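Peer 1: Could you build the full structure based on these sequences and the hints that come with them?
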Amino acid sequence: MRIGIDVGGTNTDAALMDGMTVLGACKTPTTSDVSSGISKVLRDVLSLTGVAVSEIKAVMIGTTHFTNAVVERKRLLEVAAIRLGLPATKGLPPMTDWPNDLATTLGRHTFMVRGGHEFDGREISPLDEKEILRIAGEIKARGLKTASITSVFSPVTPIMEQRAAEILHNEVPDLSISLSHEVGRVGFLERENATIMNACLADLSTKVVSSFRQALKDLSIEAPFFISQNDGTLMTPDYVARYPVLTFASGPTNSMRGAALLAGEKEAMVVDIGGTTSDVGMLMQGFPRESAVAVDIGGVRTNFRMPDVLAIGLGGGSIIRDDGLRIGPDSVGYEITSKALVFGGDTLTTTDIVVAAGLEDIGDRSRVAHIPASTINNALDTMHRMVDEAVDRMKTSADPLPVILVGGGSILVSRDLPSASRVIRPENASVANAIGAAIAQVGGEIDRIFSLEGTSRDVVLAGAKAEATERATKAGADPASVKIVDIEEVPLAYLPGSATRIRVKAVGDLVMD
Amino acid sequence: MKLNSEDLRDLAVGAAFLGTGGGGNPYVGRLMAQRCLDEGLTIDLIDPSEVPDEALVIPTAMMGAPTVLIEKLPSGEEAIHSLKALEKHLGRKAYATMPIEIGGINSTIPLVVGARLGIPIVDADGMGRAFPELQMETFGVYGISGSPMFVTDERNDSTLIQAVDNKSMEWLSRGVAIRMGGCAYIAEYAMSGADVKRTAVPNTMTLAMRIGRCLREAKSNHQSPFEALLELMPKTLYNHARIIFSGKMVDVERETRNGFSIGRARIDGLSPWRGTMKIEIQNENLIATVDGVVKAIVPDLICIMDSESAEPITTEQLRYGQRVTVVAVAVPQIMRTPEALDVFGPRCFGLDHPFTPIETMA
Numbered sequence: 001m002r003i004g005i006d007v008g009g010t011n012t013d014a015a016l017m018d019g020m021t022v023l024g025a026c027k028t029p030t031t032s033d034v035s036s037g038i039s040k041v042l043r044d045v046l047s048l049t050g051v052a053v054s055e056i057k058a059v060m061i062g063t064t065h066f067t068n069a070v071v072e073r074k075r076l077l078e079v080a081a082i083r084l085g086l087p088a089t090k091g092l093p094p095m096t097d098w099p100n101d102l103a104t105t106l107g108r109h110t111f112m113v114r115g116g117h118e119f120d121g122r123e124i125s126p127l128d129e130k131e132i133l134r135i136a137g138e139i140k141a142r143g144l145k146t147a148s149i150t151s152v153f154s155p156v157t158p159i160m161e162q163r164a165a166e167i168l169h170n171e172v173p174d175l176s177i178s179l180s181h182e183v184g185r186v187g188f189l190e191r192e193n194a195t196i197m198n199a200c201l202a203d204l205s206t207k208v209v210s211s212f213r214q215a216l217k218d219l220s221i222e223a224p225f226f227i228s229q230n231d232g233t234l235m236t237p238d239y240v241a242r243y244p245v246l247t248f249a250s251g252p253t254n255s256m257r258g259a260a261l262l263a264g265e266k267e268a269m270v271v272d273i274g275g276t277t278s279d280v281g282m283l284m285q286g287f288p289r290e291s292a293v294a295v296d297i298g299g300v301r302t303n304f305r306m307p308d309v310l311a312i313g314l315g316g317g318s319i320i321r322d323d324g325l326r327i328g329p330d331s332v333g334y335e336i337t338s339k340a341l342v343f344g345g346d347t348l349t350t351t352d353i354v355v356a357a358g359l360e361d362i363g364d365r366s367r368v369a370h371i372p373a374s375t376i377n378n379a380l381d382t383m384h385r386m387v388d389e390a391v392d393r394m395k396t397s398a399d400p401l402p403v404i405l406v407g408g409g410s411i412l413v414s415r416d417l418p419s420a421s422r423v424i425r426p427e428n429a430s431v432a433n434a435i436g437a438a439i440a441q442v443g444g445e446i447d448r449i450f451s452l453e454g455t456s457r458d459v460v461l462a463g464a465k466a467e468a469t470e471r472a473t474k475a476g477a478d479p480a481s482v483k484i485v486d487i488e489e490v491p492l493a494y495l496p497g498s499a500t501r502i503r504v505k506a507v508g509d510l511v512m513d
Numbered sequence: 001m002k003l004n005s006e007d008l009r010d011l012a013v014g015a016a017f018l019g020t021g022g023g024g025n026p027y028v029g030r031l032m033a034q035r036c037l038d039e040g041l042t043i044d045l046i047d048p049s050e051v052p053d054e055a056l057v058i059p060t061a062m063m064g065a066p067t068v069l070i071e072k073l074p075s076g077e078e079a080i081h082s083l084k085a086l087e088k089h090l091g092r093k094a095y096a097t098m099p100i101e102i103g104g105i106n107s108t109i110p111l112v113v114g115a116r117l118g119i120p121i122v123d124a125d126g127m128g129r130a131f132p133e134l135q136m137e138t139f140g141v142y143g144i145s146g147s148p149m150f151v152t153d154e155r156n157d158s159t160l161i162q163a164v165d166n167k168s169m170e171w172l173s174r175g176v177a178i179r180m181g182g183c184a185y186i187a188e189y190a191m192s193g194a195d196v197k198r199t200a201v202p203n204t205m206t207l208a209m210r211i212g213r214c215l216r217e218a219k220s221n222h223q224s225p226f227e228a229l230l231e232l233m234p235k236t237l238y239n240h241a242r243i244i245f246s247g248k249m250v251d252v253e254r255e256t257r258n259g260f261s262i263g264r265a266r267i268d269g270l271s272p273w274r275g276t277m278k279i280e281i282q283n284e285n286l287i288a289t290v291d292g293v294v295k296a297i298v299p300d301l302i303c304i305m306d307s308e309s310a311e312p313i314t315t316e317q318l319r320y321g322q323r324v325t326v327v328a329v330a331v332p333q334i335m336r337t338p339e340a341l342d343v344f345g346p347r348c349f350g351l352d353h354p355f356t357p358i359e360t361m362a
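Chains as they are written, first to last, in full-length UniProt numbering: chain X, 1 to 513; chain P, 1 to 362.
Misleading hints may appear alongside valid ones.
Said to hold, decoys possible - Result set (DSBU-like, lysine-lysine): computed pairs, CA atoms no more than 30 Å apart in a straight line:
1) X/Lys90 x P/Lys84
2) P/Lys248 x X/Lys395
3) P/Lys235 x P/Lys197
4) P/Lys219 x X/Lys395
5) X/Lys74 x X/Lys40
6) P/Lys88 x X/Lys90
7) X/Lys130 x X/Lys140
8) X/Lys40 x X/Lys27
9) P/Lys248 x X/Lys266
10) P/Lys93 x P/Lys197
11) X/Lys90 x P/Lys2
12) P/Lys2 x P/Lys197
13) P/Lys93 x X/Lys90
14) X/Lys395 x P/Lys278
As the list claims (entries may be wrong) - Coverage of chain P stretches by chain X, computed from C-beta distances (three or more under 8 Å per stretch; other residues unrestricted):
15) 64-73
16) 149-157
Everything labelled a hint here was simulated from the structure, so no lab data went into it. In this text the structure is predicted, and so the values were computed from the model without any measurement. All C-beta atoms, glycine included, are put in the ideal place defined by N, C-alpha and C.
Peer 2: Structure representation (structure tokens):
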């Protein structure tokens with residue numbers, strides 16, 4: 001049995017699972033020390049289900065703690081941001097396009113050093129080891145605790161980042177060091193940004209991970225615990241302590257994966273309808289399809305593997321206009337309990353419509369009795385059309401797929417959707433995040449530019465798959481269960497010859513005793 | 001005209017539009033130009049008419065894979081080095097620099113060169129859009145030799161190309177760019193002010209900025225960006241623009257052949273548009289047909305835009321399910337003469353259809 005925990009900004013949720021069955025789920029407010037909230041929800045879920053601590057084989061935690069710290073500019077360290085690539089890259093120094101307040105918080109300790117590689121693995125320049133030694137001295141003199149190292153084309157070959165880290169480590173043994181090839185993919189500025197952000201979280205990540213550990217110890221849970229990362233796979237606590245940035249998008253990922261499990265579907269669309277917006281995403285082989293474009297976090301451009309989610313302005317509090325022909329994008333939001341008609345307010349919202357139509361019984365039904373049938377019908381048509389269009393837009397082919405509805409606003413959808421093979425409304429949808437964390441698997445990924453010259457595409461692809469599989473196994477996956485879940489090839493335009501960027505992702509089940 | 005940060009943002013959007021799907025993302029170039037402004041340097045755009053007839057203008061650009069550029073960022077000196085090497089070779093100083101290609105990232109490279117060297121940038125270019133190869137320039141069409149050309153990398157390794165014609169120049173320099181790591185910076189098509197006035201597509205930098213501004217302002221005023229765009233274009237040299245289709249992307253095929261991203265997009269019409277539009281792609285969008293009938297063809301612009309946000313969508317970003325609106329734009333006469341069509345008309349891309357101006361299509 002395993003327990004999934006979601007530590008959100010507001011609530012800490014837990015779900016206790018036996019295999020793929022939810023035995024029980026609980027919710028409690030998140031506490032400022034994190035660990036007492038986790039202890040409480042763990043205690044609650046154990047007593048609710050009557051399961052003994054000794055039966056828990058693993059605990060999986062999802063958290064938005066690190067994302068929030070960056071967004072709020074709180075508890076961040078100053079960073080030595082080191083770049084290997086001169087003479088290339090000099091045109092845009094580290095932290096060029098950062099919000100000024102965040103760059104200042106991190107101290108703007110930037111260093112550019114000779115080094116880096118070409119896309120085919122040749123050196124741009126040999127690594128300037130003397131300069132790294134000098135920077136080590138600077139780091140000591142300035143009292144910095146953490147450093148990031150980003151080398152050009154390190155996703156192709158990480159050796160210079162590793163060598164520079166070795167030198168720094170010898171000189172400043174206590175220094176926490178973040179390497180870019182562990183954090184991101186091709187796209188230099190975005191990867192460097194992510195690595196610097198990772199470095200600034202070094203202190204917080206150690207504390208948060210040890211508070212997780214403490215919470216489990218308080219309950220004498222001796223099972224190993226893991227933390228879920230952006231792509232819905234697991235990391236060990238030690239790895240998270242070093243690479244907290246990899247948890248940045250785990251929230252939406254866990255929610256979608258939890259929805260998949262609750263509905264029993266691996267190929268499906270997920271529609272999460274909240275109070276103001278609906279998020280629509282696609283599950284492929286049980287994982288969210290990822291976005292290809294750059295994403296801003298705390299105002300900084302990154303290229304994390306985030307779920308590709310389309311947000312539309314439809315929620316339980318969306319405002320109805322033009323006799324139901326126009327809905328949103330504005331919403332009464334959290335004020336729904338005072339502003340919606342059924343709660344005694346004066347604003348016609350989507351929730352009022354479903355009550356007036358007799359589909360739900362919320363608030364005071366008599367307060368919506370006057371709404372004309374034509375408005376009710378128009379509004380219901382509009383809501384369903386909005387959801388249907390968003391689902392259709394996010395699909396990758398014209399074939400109909402099941403649609404899983406989650407979130408408090410899912411009451412808005414009462415009819416079938418033309419784009420859906422069927423509509424599923426699972427139980428326990430409010431703790432989908434914790435469930436998603438509980439069922440997380442172990443993954444391995446590679447993302448590099450390969451030259452196909454003197455070899456064939458098949459040989460290169462086979463090598464890439466083997467390497468991704470090996471990474472998954474090394475991360476703790478049962479070798480027999482590892483599967484390749486995603487292959488993406490992007491040829492390099494404007495270059496004759498045959499360089500291709502290849503991304504392969506493998507996942508497998510966690511080995512549990 | 002001195003450019004500010006907002007101009008640079010508008011330029012990047014307009015340049016993506018004029019890139020008709022190709023040309024590379026101008027983000028890195030925009031940041032480098034912004035950095036010049038942050039350092040107190042001036043980006044000074046001048047009208048072609050302001051360039052004295054006998055003055056020397058040396059265009060600058062990046063060539064190679066934008067995918068490499070986003071990882072191996074430039075030192076920022078490469079294109080300057082190429083320009084200076086060409087000055088030395090010619091024994092003359094450049095009065096100004098100029099883009100060779102307004103579509104995509106190459107709209108931004110000369111801004112950095114001009115700002116760093118303290119010379120103006122001519123508000124004109126040699127493609128009037130984006131094209132995949134260096135001989136596809138109005139400069140060459142009207143008799144300017146691309147050679148002598150300098151190709152430089154971030155180490156300031158530099159190659160002089162002295163080719164017999166512009167096609168050879170393209171072929172040789174492409175090979176050099178690969179040896180330089182897949183992306184290099186060039187100075188070529190050196191010419192007099194008189195030749196700029198005779199052979200360049202004028203006022204395309206300001207055109208790109210006007211397009212970017214028009215889309216931005218329409219959005220902030222809650223107007224239709226498409227209506228605003230169709231209103232703007234007749235006031236420019238690209239004097240005819242129309243929406244040729246709107247619908248849903250139902251299929252995108254892509255493959256790479258000989259360094260080109262070759263593909264086809266299919267869009268199913270949404271009311272009132274009927275039928276299916278097919279767009280053939282070779283880095284840029286080349287031809288749009290609906291049920292076999294040609295609706296727009298290169299060198300006229302075929303721009304695929306997000307139907308809601310009116311963001312131009314590049315070839316790499318095309319995806320099933322997108323709601324898109326396709327806008328076709330007439331290019332200026334200088335790009336439509338028989339000589340021009342011999343260099344970048346439909347036949348140069350292996351298309352069997354004759355060029356038909358967008359404004360004469362049904």
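Peer 1: Hint by hint, note whether the structure agrees.
Peer 2: Now the hints, each set against the structure:
1. Distance hint between X/Lys90 and P/Lys84 is fulfilled; the C-alpha atoms sit about 19 Å from each other, no more than 30 Å.
2. For the given pair, P/Lys248 sits about 12 Å from X/Lys395 by alpha-carbon distance, which is consistent with the 30 Å threshold.
3. Annotation: proposed proximity of P/Lys235 to P/Lys197 holds, straight-line Cα distance about 20 Å (limit 30 Å).
4. As the CA atoms of P/Lys219 and X/Lys395 are separated by approximately 27 Å, the hinted pair is consistent with the 30 Å bound.
5. This hinted pair checks out: X/Lys74 and X/Lys40 have alpha carbons roughly 25 Å apart, not beyond 30 Å.
6. Our distance criterion of 30 Å between C-alpha atoms is met by P/Lys88 and X/Lys90, whose separation comes to about 25 Å.
7. For a cut-off of 30 Å, the pair hint linking X/Lys130 to X/Lys140 stands: about 16 Å separates their Cα positions.
8. The hinted pair formed by X/Lys40 and X/Lys27 meets the criterion: a straight-line CA distance of about 9 Å does not exceed 30 Å.
9. Of the pairs offered as hints, the one joining P/Lys248 and X/Lys266 holds, with about 25 Å between alpha carbons and a cut-off of 30 Å not exceeded.
10. For the suggested pair P/Lys93 and P/Lys197, the alpha carbons sit about 19 Å apart, so the restraint of at most 30 Å is met.
11. Of the pairs offered as hints, the one joining X/Lys90 and P/Lys2 holds, with about 25 Å between alpha carbons and a cut-off of 30 Å not exceeded.
12. The suggested pairing of P/Lys2 with P/Lys197 holds, with an alpha-carbon distance near 21 Å, which does not exceed 30 Å.
13. For the hint linking P/Lys93 to X/Lys90, the alpha-carbon distance of about 26 Å falls within 30 Å, and the restraint holds.
14. Restraint check for X/Lys395 and P/Lys278: the C-alpha separation of about 20 Å stays at or below 30 Å, so the hint holds.
15. Coverage of the segment 64-73 of chain P by chain X holds [criterion: at least 3 residues with CB-CB distance below 8 Å; count 9].
16. Requiring three or more residues with a Cβ within less than 8 Å of a Cβ of chain X, the coverage given for the segment 149-157 of chain P holds, as 3 such residues are present.
The structure agrees with every numbered hint stated previously.
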